[in-house]
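There are 2 protein chains.
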Amino acid sequence: MTKQQNILIIGAGLCGSLLALRLGQRGYNVTVMEKRPDMRKVDISAGRSINLAFSDRGIKAMNLVGILDKVMPLCIPMKGRMLHDVEGNTVLAPYSGREDEYINSISRGGLNELLLTEAEKHDNVNIHFNKKCLSVDFEKTTALFKDYDTKKEFIEDADVIFATDGAGSALRKSYYLGKKFLFSFSQDWLSHGYKELSILPGENGSYKTFKNALHIWGREAFMLIALPNLDGSFTVTLFLSFDEGEYNFNNLTTKERVLEFFEKYFKDALELMPNLVDDFFENPTSPLGTVKCSPWHFKGNTLLMGDAAHAIVPFYGQGMNASFEDVTEFDKVLDEGHQDWETIFKVYEANRKKDTDAIADLAIDNFYEMKGHVNHPNFREKRNLEMAFEKEFPTEYSSKYSLVTFNEDIGYRDAMLRGRAQDKAILNMLADGTLNINDDLKSNLEKVTTETDNILEDDRIAGLKS
Amino acid sequence: MTKQQNILIIGAGLCGSLLALRLGQRGYNVTVMEKRPDMRKVDISAGRSINLAFSDRGIKAMNLVGILDKVMPLCIPMKGRMLHDVEGNTVLAPYSGREDEYINSISRGGLNELLLTEAEKHDNVNIHFNKKCLSVDFEKTTALFKDYDTKKEFIEDADVIFATDGAGSALRKSYYLGKKFLFSFSQDWLSHGYKELSILPGENGSYKTFKNALHIWGREAFMLIALPNLDGSFTVTLFLSFDEGEYNFNNLTTKERVLEFFEKYFKDALELMPNLVDDFFENPTSPLGTVKCSPWHFKGNTLLMGDAAHAIVPFYGQGMNASFEDVTEFDKVLDEGHQDWETIFKVYEANRKKDTDAIADLAIDNFYEMKGHVNHPNFREKRNLEMAFEKEFPTEYSSKYSLVTFNEDIGYRDAMLRGRAQDKAILNMLADGTLNINDDLKSNLEKVTTETDNILEDDRIAGLKS
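As they're listed, the protein sequences go chains A and B. Going by the numbering used here, the first residue of the first sequence is number 43, and it counts up by one from there. Going by the numbering used here, the first residue of the second sequence is number 43, and it counts up by one from there.
Just so you know, these hints were derived from the structure itself, not from any lab. Incorrect hints may appear among the rest.
Straight-line Cα separation of at most 25 Å, DSS-like style, residue types lysine-lysine; simulated pairs [stated by the list, open to error]: (1) 221/A x 374/B; (2) 341/A x 182/A; (3) 222/B x 174/A; (4) 221/A x 174/B; (5) 163/B x 221/A; (6) 334/A x 221/B; (7) 396/B x 413/A; (8) 174/B x 222/A; (9) 334/B x 395/A; (10) 374/B x 388/B; (11) 83/B x 182/B; (12) 221/A x 215/B; (13) 341/A x 413/A; (14) 396/A x 413/B; (15) 188/B x 221/A; (16) 83/B x 237/A.
Chain A stretches covered by chain B per the calculated footprint, using a threshold of three residues with CB under 8 Å from any CB of chain B [stated by the list, open to error]: (17) 445-454; (18) 463-469.
Pairwise CB distance ranges (calculated) [unchecked claim]: (19) 302/A x 476/B: 46 to 52 Å; (20) 233/B x 374/A: 24 to 30 Å; (21) 374/A x 374/B: 50 to 56 Å; (22) 503/A x 485/B: 19 to 25 Å; (23) 47/A x 389/B: 28 to 34 Å; (24) 492/B x 436/A: 47 to 53 Å; (25) 414/B x 302/A: 36 to 42 Å; (26) 119/A x 331/B: 45 to 51 Å.
Each residue gets a CB set at the ideal place from its N, CA and C atoms; glycine is no exception.
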């Protein structure tokens, strides 16, 4: 396997441009084909959320390619969830009891542009825009593109093809429709869709509400969230059922009804959004889906990575971080010195898939947690106890959220198994009175640790898989 | 909704012909289109397993249409699993501690022919053969067929269309490819495939091995099973990985290797199969897949039922029973007197999908149980205890297997939740010594019941879904 091999990457989004940068650093000849125009030259809507949560797994990947110092200026720290109740009262629920554990709001476009620029600094990396992939012949290792400039189709030949072309991946579609091998595949849609709205900047780029938090208006059946941007604005997202409940996307069809809905449930947010109605009717409503599949690779010819392999819902703030971690994990396998791409792809998928399956499931769980659980007394009591554990015994306890978000050296699956067992232990011991929040904190921590280990051991003996 | 409505059923397999019979009994005008020739006139391989397990949920459906007396002569009772170890030693592990709880081996063809004949006794039911469905226009409620006799395509118009056209359903494909609504869909393949073999009848139609059992040669990585037929033969099925392990379907390519494999692992079975090599190379190797999807219906126009809606792997012996139960459950919703098909379809899916999802997962679990767990001391000890409970306290205890198989008035999901909790309780109490099989049986039953309830309650408090 020589470095002179020609690698084709389909898609120059966040995952594809990071992969191009890393493979470029390793010396491969890399060609990247991107369907959109160059976002550094043309002002385009990325068609996806404007800002994203960036946390430790993403940071680890930025360190791998040595550009963390250029990424940090794009970040706005969010220390916790700012919970807004229906009366407009707020409380800040920190993400961790450890001061240095927080997530960041980052601009998708800003980060993607940085990655493109860094990748192109390598002479062996060439990025082409306005080239849409139509299909991949994974047996021949060729891909068919449509050139949006010339309007012509062309075939690109490569030694190996990586598809980082997102949730609607052309390679994944070719795997599915090709029926050349047994391809396991799932697409699961939530009953809820989403629509992006905005809180515009205040005077002189000031923030109209608290800057350093992820704001949540959780209303059980639906919710609104807001993340800050560098220019003083917030990107606001409404998650709402398409067709269930008194208010849903299908029946919010007039200005009056939209205002009535926001007056009733999001009064304090509405006051910050005089532009609500325009945003509501101008911006699209999009579905929320989870995609899983296997195998990701065909022999040593082609490999799916990022959202193309595992699209997830946004509720854990891990979509981008998981895709970046794909590159970190793939790089680790490259370091192992295998002699052919087929072995590399096999080892990578065997290591990685259990973790991307886990974060997909965790993200669904968090949908229910954010919409409703955050308001329940039991849940708040559990979180308070966990904050105290993390503060007083910082090396001894990490909540599920912390295991997933701030422990980049623990895989998502292990984080899920331990995190769920901890939640179950605490919620049950609070319910049956075994745990009293007024008791000594150290003895409470010991109770939780012991009960968590019991739960994991009971599951192991019963042979349950999760 | 008048009875004069024209109902089109696509597929006259087990589910479609039962549905035609039931809707015929209820007075609807029913047209059925089946792609294969009439199996009562032409000797065809059904292309699927020759015999099947028939049990209480299936019996309930046969009672609904009043033909159980005609079905019973087709049945061979199987009282338990006959476990064959590698030395050829056998032990019969009963399915239940209750004498009257057993499953039956039944001929797929014999049962399907009976259902066709019964359905056709109704003047308002018309079945057409050699008509393959190519696609369904679910918005117009029309289906496109190819007539294998005339070689022509034609469109069939109906007031409502039921697709009972199996795992490769044309309607399901039209839902998926149509992209007219958010269609959640999964196909999951096991690493193992299967191949049918046979033990031929002895002299005068005698049985060469014990007739009244489901024979299992479980070898952890693979397994062989055998079910009896009325003519003295057994249909034998080999479940084996396509490409993993020392022996797999991809490398069993010569007569010598096949014989070596059977000599080594299935010696006592090989002695009954002088025809093994011919069967092995004549019969196809087929994959094992699970299909789930949602929604099953489009408005009040079309509905998926049976394998078309939920194809499962065969390891719980519930595929046919689940499809028959679809008809029972659908019939129950018809009795509720809703005014339109859309409501009927919605209520049916809301009631039913949780149960077909559960049996799909249970069937995967049983793959691991049959291949390997049945040989483990822990598992055998658990089963012995459960047999004793069922024998001594027949009204107070049912194992997971019994809940799923012999309790037709408990849904699959409730059977799964209680059954899994019982298994977990027993395996853990055996492991930690809380349960001693030499203790008084009544007190052991109380321990198991209490611990099972604790497990279910802990899961409920933790908000875990399964």
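Structure-based check of all given hints:
no., hint, result
1, 221/A x 374/B, "violated (39 Å)"
2, 341/A x 182/A, "holds (11 Å)"
3, 222/B x 174/A, "holds (24 Å)"
4, 221/A x 174/B, "holds (21 Å)"
5, 163/B x 221/A, "violated (41 Å)"
6, 334/A x 221/B, "holds (18 Å)"
7, 396/B x 413/A, "holds (23 Å)"
8, 174/B x 222/A, "holds (24 Å)"
9, 334/B x 395/A, "holds (21 Å)"
10, 374/B x 388/B, "holds (13 Å)"
11, 83/B x 182/B, "violated (34 Å)"
12, 221/A x 215/B, "holds (14 Å)"
13, 341/A x 413/A, "violated (42 Å)"
14, 396/A x 413/B, "holds (23 Å)"
15, 188/B x 221/A, "holds (23 Å)"
16, 83/B x 237/A, "violated (59 Å)"
17, 445-454, "violated (count 0)"
18, 463-469, "holds (count 3)"
19, 302/A x 476/B: 46 to 52 Å, "violated (58 Å)"
20, 233/B x 374/A: 24 to 30 Å, "holds (25 Å)"
21, 374/A x 374/B: 50 to 56 Å, "holds (55 Å)"
22, 503/A x 485/B: 19 to 25 Å, "holds (22 Å)"
23, 47/A x 389/B: 28 to 34 Å, "violated (58 Å)"
24, 492/B x 436/A: 47 to 53 Å, "violated (39 Å)"
25, 414/B x 302/A: 36 to 42 Å, "violated (60 Å)"
26, 119/A x 331/B: 45 to 51 Å, "holds (47 Å)"
When each numbered hint is compared with the structure, violations occur for hints 1, 5, 11, 13, 16, 17, 19, 23, 24, 25.
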